[in-house]
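Number of protein chains: 2
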Amino acid sequence: MMNCIIAQSGGPTAVINASVAGLVETNNKIKAFDNVYAGLNGIQGILNKNIINLTNISHDDLNTFRYTPSSGLGSCRYKLKDYKIDDSEYVKLLDILDSLDVKAFFYVGGNDSMDTISKLGALAEEKEIDIKFIGIPKTIDNDLMYTDHTPGFGSAAKFIATSTLETYLDSTVYMDNGVFILETMGRDTGWLTAASCLAVIDGKQAPDLIYLPETAFDEKSFIEDVSRIYKEKKHVYIVASEGLKNSDDTFLSAINTKGSHDNFGHTQLGGVGNYLKNLIIENNITTRVKVLELGVLQRCSMHLSSKVDVEEAYTVGCDALKYSLEGHSGKMVAIKRDSSNPYASSTFLVPAKNVANKVKYFPNKWINERGNNVTDEAIEYLKPLIFGTADYNSNNYTPVYKVFNN
Amino acid sequence: MMNCIIAQSGGPTAVINASVAGLVETNNKIKAFDNVYAGLNGIQGILNKNIINLTNISHDDLNTFRYTPSSGLGSCRYKLKDYKIDDSEYVKLLDILDSLDVKAFFYVGGNDSMDTISKLGALAEEKEIDIKFIGIPKTIDNDLMYTDHTPGFGSAAKFIATSTLETYLDSTVYMDNGVFILETMGRDTGWLTAASCLAVIDGKQAPDLIYLPETAFDEKSFIEDVSRIYKEKKHVYIVASEGLKNSDDTFLSAINTKGSHDNFGHTQLGGVGNYLKNLIIENNITTRVKVLELGVLQRCSMHLSSKVDVEEAYTVGCDALKYSLEGHSGKMVAIKRDSSNPYASSTFLVPAKNVANKVKYFPNKWINERGNNVTDEAIEYLKPLIFGTADYNSNNYTPVYKVFNN
Chain C
1 MMNCIIAQSG
11 GPTAVINASV
21 AGLVETNNKI
31 KAFDNVYAGL
41 NGIQGILNKN
51 IINLTNISHD
61 DLNTFRYTPS
71 SGLGSCRYKL
81 KDYKIDDSEY
91 VKLLDILDSL
101 DVKAFFYVGG
111 NDSMDTISKL
121 GALAEEKEID
131 IKFIGIPKTI
141 DNDLMYTDHT
151 PGFGSAAKFI
161 ATSTLETYLD
171 STVYMDNGVF
181 ILETMGRDTG
191 WLTAASCLAV
201 IDGKQAPDLI
211 YLPETAFDEK
221 SFIEDVSRIY
231 KEKKHVYIVA
241 SEGLKNSDDT
251 FLSAINTKGS
261 HDNFGHTQLG
271 GVGNYLKNLI
281 IENNITTRVK
291 VLELGVLQRC
301 SMHLSSKVDV
311 EEAYTVGCDA
321 LKYSLEGHSG
331 KMVAIKRDSS
341 NPYASSTFLV
351 PAKNVANKVK
361 YFPNKWINER
371 GNNVTDEAIE
381 YLKPLIFGTA
391 DYNSNNYTPV
401 YKVFNN
Chain U
1 MMNCIIAQSG
11 GPTAVINASV
21 AGLVETNNKI
31 KAFDNVYAGL
41 NGIQGILNKN
51 IINLTNISHD
61 DLNTFRYTPS
71 SGLGSCRYKL
81 KDYKIDDSEY
91 VKLLDILDSL
101 DVKAFFYVGG
111 NDSMDTISKL
121 GALAEEKEID
131 IKFIGIPKTI
141 DNDLMYTDHT
151 PGFGSAAKFI
161 ATSTLETYLD
171 STVYMDNGVF
181 ILETMGRDTG
191 WLTAASCLAV
201 IDGKQAPDLI
211 YLPETAFDEK
221 SFIEDVSRIY
231 KEKKHVYIVA
241 SEGLKNSDDT
251 FLSAINTKGS
261 HDNFGHTQLG
271 GVGNYLKNLI
281 IENNITTRVK
291 VLELGVLQRC
301 SMHLSSKVDV
311 EEAYTVGCDA
321 LKYSLEGHSG
331 KMVAIKRDSS
341 NPYASSTFLV
351 PAKNVANKVK
361 YFPNKWINER
371 GNNVTDEAIE
381 YLKPLIFGTA
391 DYNSNNYTPV
401 YKVFNN
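Chains C and U supply the protein sequences, listed in that same order.
Take the UniProt record's numbering: the final residue in the first sequence is number 406, and no numbers are missing along the way.
Take the UniProt record's numbering: the final residue in the second sequence is number 406, and no numbers are missing along the way.
Wrong hints could be hidden among the right ones.
Which copy is meant is left open, so a pair is good if it fits within one copy or across any two.
[Stated by the list, open to error] Dumping the calculated DSSO-like pairs for lysine-lysine here, alpha-carbon to alpha-carbon at most 27 Å:
no.	residue 1	residue 2
1	Lys92	Lys383
2	Lys245	Lys290
3	Lys365	Lys81
4	Lys92	Lys307
5	Lys127	Lys79
6	Lys204	Lys234
7	Lys234	Lys49
8	Lys322	Lys365
9	Lys233	Lys353
10	Lys127	Lys365
11	Lys84	Lys220
12	Lys365	Lys220
13	Lys119	Lys204
14	Lys358	Lys383
15	Lys365	Lys231
16	Lys233	Lys49
17	Lys84	Lys204
It is worth saying that the hints were derived from the structure and are not from the lab.
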C-alpha cells in the first residue's frame with residue numbers, strides 16, 4: 001500500500017478546499033496513491049487519529065467541495081511543542097503516518113504550517129523514513145515570501161474591491177454624505193486594504209484615502225487630508241487596515257480600547273475604524289461618520305470569488321501531488337507570474353524553511369509619498385488576480401456547499 | 001408639452017434604480033411623455049430645481065444604471081413642513097412641476113414618501129391642477145402595508161441568506177468554535193433577520209437561533225438556549241436584529257452604550273451583537289464570541305441581487321407609468337403574489353395614505369413558540385423572493401456601475 005494524507009491549517013479562505021480537490025482529482029486520474037486520507041482539524045486531528053478517506057468521494061461531492069468556502073476538512077489552532085526541547089509530537093506524527101502507509105503528507109496553510117512541513121521533512125530524512133512533506137500555500141493575507149501571491153488572496157481582494165465600490169455608491173446618495181470608513185483585515189500587511197484601489201466608478205478610483213500598516217499613521221496628515229476632501233465634496237471615502245500603527249509602533253485599535261469599558265466592565269474592542277471616526281468627530285470635521293468592518297466576509301465569500309484564484313488554488317493542489325512523486329520534500333509549492341498581460345502563472349518549489357515564520361510586506365515603492373494611497377504599479381500587480389468569477393454550485397436560491405468536518 | 005418627473009427618497013437599495021429604468025424604458029417605447037425628468041436628491045432637489053432629463057440617456061447607460069445599487073438619482077433626508085401648519089413647500093413643489101409641464105410625478109420610496117404622495121395628490125386635486133402622483137415602493141425592510149413585499153427586500157434577503165451560510169461555514173472550522181453572532185438591519189421589523197433561515201447546509205438550517213424585534217428579548221431563555229447548544233456541539237450560530245428590545249421596550253443596543261465611553265468621552269455604539277456577546281461572556285458560556293454586523297452591505301450588494309427582486313423593481317416602475325396614464329393619483333403601486341409555486345406576481349394600486357406612516361410587522365404566527373426561530377410558513381413566504389441572480393454589468397474584474405447624482 002502507498003497512501004498520502006492532506007490536512008488544512010490556520011484561518012479559512014474561500015478557496016482552500018479547491019487545493020484539496022485538485023490533489024484528490026489528480027490522484028483519481030493518475031492513481032499514484034491507493035488512498036488519499038485527510039486529517040480533520042489539521043495536525044491536531046492526525047494526532048487524535050481523526051482521519052477520513054477521500055478516495056471514494058463522488059465526483060459531484062468533490063466538485064461541490066471544490067467551490068465551498070471555509071476549511072472543509074476542519075482546521076486547528078494547535079501549536080506543536082518546540083522541536084528542540086521536545087520532538088515527541090513530531091515523532092508521534094511520523095509514527096501515525098507510517099502506520100497508515102503514508103508516503104506523502106500535504107499541509108495547506110500559511111507560514112506556521114510551512115514551519116511544520118520544514119521540521120517534519122528534516123526529521124523524516126534524519127530518521128530515514130520515506131515520507132515526503134509538501135506545503136500548499138493558503139492565506140488571504142498574501143504575506144508569504146517567494147510566491148508571487150497566495151491562493152485565497154485574489155478572492156478576498158475581489159470581495160474587497162466590489163464591496164468598496166458598492167458601499168462607495170451607497171455612501172454618496174445625499175447632498176452631505178459625511179465620511180465612510182471601510183475597515184479591512186490585514187493585521188501585519190496592507191495587501192487586502194490595497195485591493196480597494198480596484199474599485200472604480202466613471203473611470204476614477206472610488207476610495208479617496210487608503211491607509212496600509214506599512215506606513216506609520218500620522219494623525220496630523222490624516223486630519224488635514226480628511227478636512228480638505230470633506231470641504232471639497234462633502235464626502236470622504238476611507239479604507240483602513242485593521243493593523244494601522246502610529247509612529248510608536250502601537251496599534252490604533254489598542255489605543256482605542258484604552259479606558260473604554262462597557263456596562264459589564266469589559267473592554268470595548270473599538271477597532272481602527274472607530275478610532276478614526278473619533279478623530280474626525282473630535283477635530284470637528286463632521287459628525288456624520290459611518291464605519292463598516294468587513295470581517296470574515298472577506299475570507300469566506302465564495303459567491304464572489306476570483307476565478308483566477310480558484311483555479312490557481314486547484315493547480316497548487318494538483319502540482320503538490322506531482323512534486324511529491326518527483327521525490328521533493330520539505331518544500332512549499334509557490335506561484336510564479338509568467339506574464340501580467342495576458343496574465344499567466346505556473347508553479348515552482350521553495351524550501352519550506354525559507355517561507356516559515358517570515359512575512360512579505362506590501363512594497364513601500366507602491367505606496368504614494370503622502371502614505372494615503374497606492375500607486376499604479378500596485379494596480380497592475382493586483383488587477384489580474386481578481387479576474388473572473390468561479391461558478392459555484394447553486395440551487396438558484398443560495399449556494400450549495402459541502403464540507404467534511406461536520 | 002407633456003412631461004413627467006421621477007425622484008428617489010430614503011435609504012438606498014440594490015434595485016431602486018431598476019424602477020427608474022423601468023419607467024424610462026416604458027416611456028421610450030410608448031412615448032407617452034415628451035420628457036422624463038429626474039429630481040436629484042428627491043424632493044429637496046426638485047425644490048432647488050436640481051433637475052436632469054433622462055429622455056435621451058443612451059440605452060447602454062440606462063441598462064447599466066438599471067443594475068446599479070444605491071440611489072443613482074440621489075436621495076434626501078429632507079422632511080417637508082407639516083402640511084396643516086404650513087403648506088407653502090407643497091404649493092412651491094406644485095408650481096415648479098407645473099412650470100415644467102409635468103403631468104405625472106413618481107416618488108420611489110418608503111412609507112414617508114407615500115405620505116408625501118398622498119398629500120401632494122390631495123392638494124393637486126383641491127387646486128384642480130392636472131398632475132398625477134404615484135408612489136413606487138422601495139425598502140429593504142419589507143415593512144410597507146398591503147404590498148406582499150417591497151422591491152429591495154429580496155436582494156437584501158438573498159445577501160443575508162448567502163452571507164449567513166458562508167459565515168456559518170467559516171465559524172465551524174475548529175474543534176471548539178465558540179459563538180458567532182450575525183447582526184442584521186431591521187430596526188422595527190424582523191423580515192431581514194428572518195431571511196437568514198434560508199441558509200441551509202446538508203439539508204439543515206444553518207442558524208441555531210434567530211431573534212426578531214417582534215418578540216421581546218428574554219435574557220433567561222437566551223442564556224439557556226445558548227448554553228444548551230454550546231454544550232452539545234461547541235458551536236452556536238445566532239442571528240439577531242439590530243432592533244431587539246427587552247420586555248420594557250428598551251433597545252438592547254441602547255442598554256449596551258450606557259456608561260460606556262471611549263477615550264474621547266464619546267459613547268461607544270455597541271450594537272445588539274456586542275450586547276449579546278457580553279451576556280454570553282458574563283454568563284461564563286464561552287469567551288470565544290465573534291460578532292459581525294452586515295451593515296450597509298445588505299442594501300447595496302447588487303453583485304448578489306435576487307433576479308425576482310430586480311425584475312419586480314423594474315416592473316413597478318413600468319406599471320407606475322401606465323397607472324398614471326389611466327388617470328390614477330395619490331396611490332402606490334403594490335405587489336400581489338399570484339402564486340407561490342411556481343412563483344408569480346402582478347401589481348395593483350393602494351391609496352398612498354393607507355401605506356403612509358404605517359409599519360407591516362413580521363407575523364407572530366411565523367415565529368416559533370420559544371421566540372428563537374421562524375416557522376416553515378416563513379420559509380415558504382421568503383424563498384421565492386430570493387430566486388435567481390441578475391446579470392449586472394461587469395468588466396470581469398469588478399462590476400461596472402452608472403449613477404446620475406455625482
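*Earlier hints that do not hold, by number*: When the structure is compared with the hints, numbers 1, 3, 4, 8, 9, 10, 11, 13, 15 and 17 turn out to be violated.
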